[in-house]
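**Q** One-letter residues, chain by chain:
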Amino acid sequence: MGSGALFLPEHHLLCVSDLHLGKSERRARQGMAQLPPYETRDTLSRLEADITATKATTIICLGDSFDDRAAAEALGDEEKLWLKTLQAGRGWVWIEGNHDPGPLDLGGMHVAEFILPPLTFRHIAQVDQTGEISGHYHPKASVRTRAGTVTRPAFLTDSNKIILPAYGTYTGGLYAHSSVLSDLMQPTALAVLTGSHPLPVPMPRHPGR
Amino acid sequence: MRGVPKTFADWFATRGWHIHPHQRDMLDHAQDPATLLIAPTGGGKTLAGFLPSLIELSSKTTEPGGLHTLYISPLKALAADIRRNLMTPIDEMRLPIRVEDRTGDTPSSRKRRQRADPPHILLTTPESLALLTSYEDAPRMFAGLQRVIIDEVHALAESKRGDQLMLALSRLQGLCPGLRRVGLSATVEDPQAIASFMSGAAAPCAILQADPGPDPDIAMLDTETPPPWAGGGAAYAIPTVLEHVKAHKTTLIFHNTRAQAELFFHNLWLVNDAALPIGIHHGSLDRQQRERVEAAMQRGELRAIVCTGSLDLGIDWGDVDLVIQIGAPKNVKRLVQRIGRANHRYNAPSKALLVPANRFEVVECRAALQAVRAHDLDGDPRGPGPLDVLCQHILIAACAGPFEAGQLYHEVTQAGPYTSLTQDAFDACLDFCATGGYALRAYDQWQRLQKRPDGMWQLRDPRSARLIRMNIGTIQDTDTLKVRMRRARGGKPLGEIEEGFAASLTPGDTFLIGGQIVRFDALREMVVEVSRDAGRTPKIATFMGTKFATSTQLSDRILAMLAQDDWPDLPDHTRDWLDLQQQVSRLPSKGRILIESFPHDRREHICVYGFAGRNAQQTLGLLLTKRMEELGLAPLGFVATDYATMIWGLEPVVSAEALFDPTGLRDGLDTWLAGNALIKRTFRASATIAGLIQRNTPQARKSGRQATFSSDILYDTLAKYDPDHLLLDITRQEAMRGLIDFGRIEDMLSRSRGQTTLLRLPRVTPLAAPLFLEAGRTPVKGAAQERLLEEETRRLMQAAGLET
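Top to bottom, those sequences are chains B and Z. Quick note on my numbering: the first sequence kicks off at 1 and runs consecutively. Quick note on my numbering: the second sequence kicks off at 1001 and runs consecutively.
Hints listed in this document are in silico derivations from the structure and should not be mistaken for laboratory results. Hints should not be assumed to be uniformly reliable.
Taking lysine-lysine pairs in the DSSO-like style, the calculated list, with each CA pair at most 27 Å apart, reads [as the list claims (entries may be wrong)]:
1. B:K80 x Z:K1720
2. Z:K1720 x B:K84
3. Z:K1451 x Z:K1351
4. Z:K1482 x Z:K1492
5. Z:K1351 x Z:K1246
6. Z:K1351 x Z:K1249
So the derived list for chain Z, only partly shown, Cβ under 10 Å to chain B, looks like this [claimed, not checked]:
7. G1231
8. R1452
9. D1454
10. T1717
11. P1779
12. Q1785
13. R1794
14. A1799
Source: prediction; values computed, not measured. Where a beta carbon is used, it is the ideal one built from N, C-alpha and C, also for glycine.
All chains should be modelled from the sequences, with the hints used to inform the complete structure.
**A** What follows is the structure, encoded as structure tokens:
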């Protein structure tokens, strides 16, 4: 989907990655640059719109859903309630990420990986896996057009795996042509740019890889 | 001499001087609560301001000590220079007067001593004064203060520094009710406005005019080569300029931007066969470098100085006998003040030359010449005192100790810019300082004031005073990085460049700074390391300088000139150009907005001649492209100059009515306020002044990008969840002038009553052609981008054989 979520209609399954809820709270706590507190609501309202549009019955969050444990615990009451409303009547799977290991007191199922043969959902992509859906890298890609270069968060996909862009409101990104992502993906991989509708291009690659 | 003590009369006599009539006037008005002296540069203005103080201090029989006179100047360098100049009469007359300066550069040991034991005369800046008033011991330090002299008050009145200064003076007036104010100003269009600005609610202010001297001898430079179609470098004029430098003793060569000054300086030296000593001076250069140039200039060792607004104010240099202005002056008042830098000797005419940098500027220079001869100065009326400055003032007041809200409100309304401040507006500012506003109420760092049970307001955490003091001031420095020569242990500092420019550099890139070409090596902890690079063409530094917009009055004059049938007083090349425009299209006029629409190079273009000044034309570009986006005209980008905006896109524009509907444009401004980089920059400036974000923290100075990052997000948050937040109101007001300048779009619409003439033409017109060469194009992210992106992604997929 153009929003950066992945929808599997046959399973009524909506998958999002790297929500990084509570990022501003964590940054303020650690004395980093101040971010205002409203990014959590922004992320949740986009997620709600996607759920409503797709009528998904299962939601999978591919890890790094919270910026860290304390951020999950410090989530405001309003936000917790909102999340509960979204969860009501739906299957909800939290996959552990490097920012948020271990179960959280927020409803839904907490797993390290989720397997729905032939698919495996996990946070960080592994080499030589097939049917793998992951996040973690916040991939983005650039396309040079007649009117200048356009850079957007992007899905990376080849015949074995899909790497999702970050869904959270304030997240940076890693270029598809970085060496890490170029090594992970097959030569035939595509980058699918997010936006008003998804736009696929051959994945920009690291020179020489 | 009546009223002048013998010591002083003798001193004047030994120097062979006479007291100027305006210096005598100042003595006559010495007891007035407020006096404004308007005098041209070089008229002994500063001495006129100090003379009453010197006489009062010298005639005191007993020696009470303590502060008598406070002198405020907009420039740190000026404070030091004035101290040197004052010491001459004080030493020669052996007056028992102690004079000291206090600026950001003063060592902290001396600053501490000054607070405990102030000198008779203290020379300082608005920011240092605001800081002094934030200390608990301010009443003791300022006890007995008699006079305050505000130098270059016309320059201070043009910015928020002036508003801050007037608030600080209000505070001082509360501490010392007998305080007398003196303002020293260059020639201005509306002396009464400056007088009420500086005198405030209470005092009537006498306006004294010195003899303005003879009219300047001013002309446009004649060159063999005609100026180019576009650009601002005026490289074509360099040989002729050099001839003039040779023919004069000392020439000041003014430029509108620092980058142009650098480029011009570089090119000037390439043809300077006689190796005439020529220096460069601008605000991005390292302080030591600037001081060296100033010193060489004072010793009369330089034949010319290439400079920018950094030499608009300040130090008197007697030997300048020619001023050259490169590029259109944009503003008649500033031109007159610049011209005044030449021939500082009283009653000698100043000599000046204007050098248009391109074909259009020929017209503008001609219009400016007419205006100077007609003594028709320009300027926009001052708006009411800005609220972000008031917020900072409230925090400063809290640092000095608990305050009573009603009393502070009264004190604030005594300041000239704030006489019409409403109680509601004041309360909103106080509430913002206390809570941060509705959307931010949950956050500790923005809750800075609390009300005590006795009704007094105080800092919630006394330790926050330190942070507030560190962030005093209203000057928004562009985010710059220091440039140094790469050496083992910190090489020679050269100056500063903009952070954005530094970010665009890759190792090996070359640029000009301080007249030398340097190669970028590395960026290390906020320092740009470079090494010398000989003989390559530089990638020019894009440091900001100020991008002035042509004033309303000057734009009107240009439009009036264009309305003529023929232009006998313009050079032939420019006359032919306007003639051709007349034949293939039409000339813009005051009563209707001219729009040309034509295809060029596989794209559709429109050119809107609004003559609203660069900033407003830029804003117009943003608003029109937004409107075009809604109408499905798929705009791709635009470029703006002082007189026109050109937009290109995928679809031809055949009717202008839908685009120029004033309500539509105004609505556009409102919605557009939501997400634009300029408005965010405006917000950031106000948020910094009001203390919502801090540039300086005890740990470190935030880099510009860090500050931008958090202020942009704050802006988005407030816009979404608290659109009535005080700071958004302030930002909206600021949008009427300055970078966004929507006020001038309103003027343009009312001038033409929204009437437009759209001409559909087969090709580019003479007047539009230069716009294709303008730098500073702004891309539009919208449907057109989406279309091109789709086109390109499909092409890439096909090329990879993945799609047919």
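**Q** Could you tell me which of the numbered hints above are not met by this structure, giving the numbers in increasing order?
**A** Those not satisfied are hints 3, 7, 8 and 9.
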